[in-house]
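Chemist: Here are the chains, one letter per residue:
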Amino acid sequence: MSDQNGDMPEVNDDPPAENEPLSACPIDPEERLDTERVLGLFAPRTPRLKRERLLALVQGVRREVEPRTGSAVRFRTPWYWPAATAAMTVASLSLAVLLVVRANAEPPVRVEYRERIVYKSVSFPTPIAAQPAPEKNEAVVTVPQPEAGGVRSSPRPNPYLRNRSVALSQGVDSLEFSQPIRQGSTLNTPATRSELMRQLGPTKGLNKSMQTSMTKSWIWPSW
Amino acid sequence: MSPLLTPEALSRLLDEHGGALVLFAAQWTDSPDDCVQEAFIELTRQIELPRCITAWLYRVARNKAISMSRSAWRRRRHETLAGTLVPAWTCEEDRPPVEKEELAAALQSLDEGLREVIVARIWGGLNFEQISEVVGASISTAHRRYEAGLKALRERLKLPCPIKTATCPK
Numbered sequence: 001m002s003d004q005n006g007d008m009p010e011v012n013d014d015p016p017a018e019n020e021p022l023s024a025c026p027i028d029p030e031e032r033l034d035t036e037r038v039l040g041l042f043a044p045r046t047p048r049l050k051r052e053r054l055l056a057l058v059q060g061v062r063r064e065v066e067p068r069t070g071s072a073v074r075f076r077t078p079w080y081w082p083a084a085t086a087a088m089t090v091a092s093l094s095l096a097v098l099l100v101v102r103a104n105a106e107p108p109v110r111v112e113y114r115e116r117i118v119y120k121s122v123s124f125p126t127p128i129a130a131q132p133a134p135e136k137n138e139a140v141v142t143v144p145q146p147e148a149g150g151v152r153s154s155p156r157p158n159p160y161l162r163n164r165s166v167a168l169s170q171g172v173d174s175l176e177f178s179q180p181i182r183q184g185s186t187l188n189t190p191a192t193r194s195e196l197m198r199q200l201g202p203t204k205g206l207n208k209s210m211q212t213s214m215t216k217s218w219i220w221p222s223w
Numbered sequence: 224m225s226p227l228l229t230p231e232a233l234s235r236l237l238d239e240h241g242g243a244l245v246l247f248a249a250q251w252t253d254s255p256d257d258c259v260q261e262a263f264i265e266l267t268r269q270i271e272l273p274r275c276i277t278a279w280l281y282r283v284a285r286n287k288a289i290s291m292s293r294s295a296w297r298r299r300r301h302e303t304l305a306g307t308l309v310p311a312w313t314c315e316e317d318r319p320p321v322e323k324e325e326l327a328a329a330l331q332s333l334d335e336g337l338r339e340v341i342v343a344r345i346w347g348g349l350n351f352e353q354i355s356e357v358v359g360a361s362i363s364t365a366h367r368r369y370e371a372g373l374k375a376l377r378e379r380l381k382l383p384c385p386i387k388t389a390t391c392p393k
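Heads up: the protein sequence lines correspond to chains A and B, in order. The first sequence begins at 1 in the numbering used here and counts up one residue at a time. The second sequence begins at 224 in the numbering used here and counts up one residue at a time.
Warning: the hint list may mix true and false statements.
Simulated restraints on C-beta separations [claimed, not checked]:
(1) 359/B x 102/A: 13 to 23 Å
(2) 275/B x 103/A: 55 to 65 Å
(3) 57/A x 272/B: 56 to 66 Å
(4) 88/A x 276/B: 33 to 43 Å
(5) 101/A x 359/B: 30 to 40 Å
(6) 56/A x 325/B: 17 to 27 Å
(7) 55/A x 275/B: 17 to 27 Å
(8) 332/B x 37/A: 14 to 24 Å
(9) 48/A x 231/B: 18 to 28 Å
Derived by calculation from the structure, the hints in this document are not laboratory data. Ideal Cβ placement from N, Cα and C applies to all residues, glycine included.
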């Protein structure tokens with residue numbers, strides 16, 4: 001028992017552990033052999049284990065373990081884990097291929113904003129036909145044509161909006177002067193007495209020649 | 224239970240290593256026989272036999288003895304742990320150089336790391352690879368501990384110098 005030098009480790013140059021309680025110098029080989037010889041004189045006493053009891057216990061454990069052993073052996077190489085792994089791998093590869101194909105089919109969409117000048121046709125209100133510039137001492141009065149039977153054929157445009165657009169586009173000077181229409185009065189009814197006098201007075205002779213035009217104009221002397 | 228571990232094989236293992244296992248477990252507990260018995264029962268529970276049954280038995284017996292000693296320490300917190308190496312040897316020589324009690328006391332006075340290596344090596348018959356597996360250290364460390372333990376034991380047992388010449392320094 002003591003002479004067991006055959007399995008001595010050949011390499012013994014590992015640094016000892018930090019708290020390893022080792023002596024400062026190694027033991028002399030002679031002393032070592034002698035110590036091993038002395039210790040080998042003693043043999044451990046026979047254990048007080050009862051062999052029959054131990055074997056009975058082992059038999060009990062064997063009966064417990066053997067059913068589990070069969071199931072353990074059966075489950076040692078389960079088929080479903082490799083199958084699940086293979087299925088997941090196939091699915092992953094398919095998705096990867098689809099991703100690559102799809103990425104190649106559709107170029108990446110890139111939105112680029114550029115500034116540019118846009119020409120857009122704008123419709124302005126048609127300007128009223130240019131009127132002959134009135135003389136300084138003349139005034140132009142536009143009187144709407146009386147409708148036959150007093151029935152309007154089409155709705156009249158809002159004069160305010162029309163005048164506004166004309167004023168904005170052509171200037172205030174190009175506005176036509178029209179008589180305000182009172183409630184309950186006809187279109188040619190003068191608003192004031194002086195208006196009436198203007199209509200009737202000085203242009204009596206010219207009235208006949210002006211009947212063809214849409215509007216009536218009078219040359220008005222200034223006073 | 225492994226089919227290789229027949230009752231006959233178990234009996235043979237018990238004959239070969241039972242005493243040394245009890246001595247090994249007695250370093251930590253005062254019920255080493257129970258530890259060894261549990262180690263054998265644990266061996267029968269193994270589905271596959273360990274690579275080295277002897278080293279496996281020593282490791283399991285060691286772990287069970289340490290666990291049992293901790294439980295005993297918890298039970299008897301202020302008492303002295305009885306895990307002592309009682310004279311557990313038999314000696315066939317009429318006049319051995321040292322007495323069993325002296326050997327037990329010298330071993331008991333050794334550091335635990337040195338003692339377990341010496342017991343496993345001298346009385347368990349394990350090689351240093353197996354010892355390193357049991358104690359969880361490298362082979363070199365196990366070898367160093369063994370030599371240091373032998374030197375300390377020799378000093379404590381006051382063994383005479385084996386070289387009976389004038390060149391002996393002692």
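Chemist: Each hint needs a verdict: does it hold in this structure or not?
Modeler: Checked hints:
Taking the beta carbon of each, residue 359/B and residue 102/A are about 57 Å apart, not inside 13 to 23 Å as hinted. Checked against the hint of 55 to 65 Å, the C-beta distance between residue 275/B and residue 103/A comes to roughly 58 Å, which is consistent with it. Taken as a hint, the range 56 to 66 Å is violated for the pair residue 57/A and residue 272/B, whose Cβ atoms sit roughly 18 Å apart. Between residue 88/A and residue 276/B the C-beta distance comes to about 41 Å, which sits within the given range of 33 to 43 Å.
Between residue 101/A and residue 359/B the C-beta distance comes to about 56 Å, which lies outside the given range of 30 to 40 Å. Roughly 39 Å separates the CB atoms of residue 56/A and residue 325/B, a value that falls outside the hinted 17 to 27 Å. For residue 55/A and residue 275/B, the hinted distance range of 17 to 27 Å is satisfied, since their beta carbons lie about 23 Å from each other. Taking the beta carbon of each, residue 332/B and residue 37/A are about 21 Å apart, inside 14 to 24 Å as hinted.
In this structure, residue 48/A and residue 231/B meet the distance hint of 18 to 28 Å, their C-beta atoms being roughly 22 Å apart.
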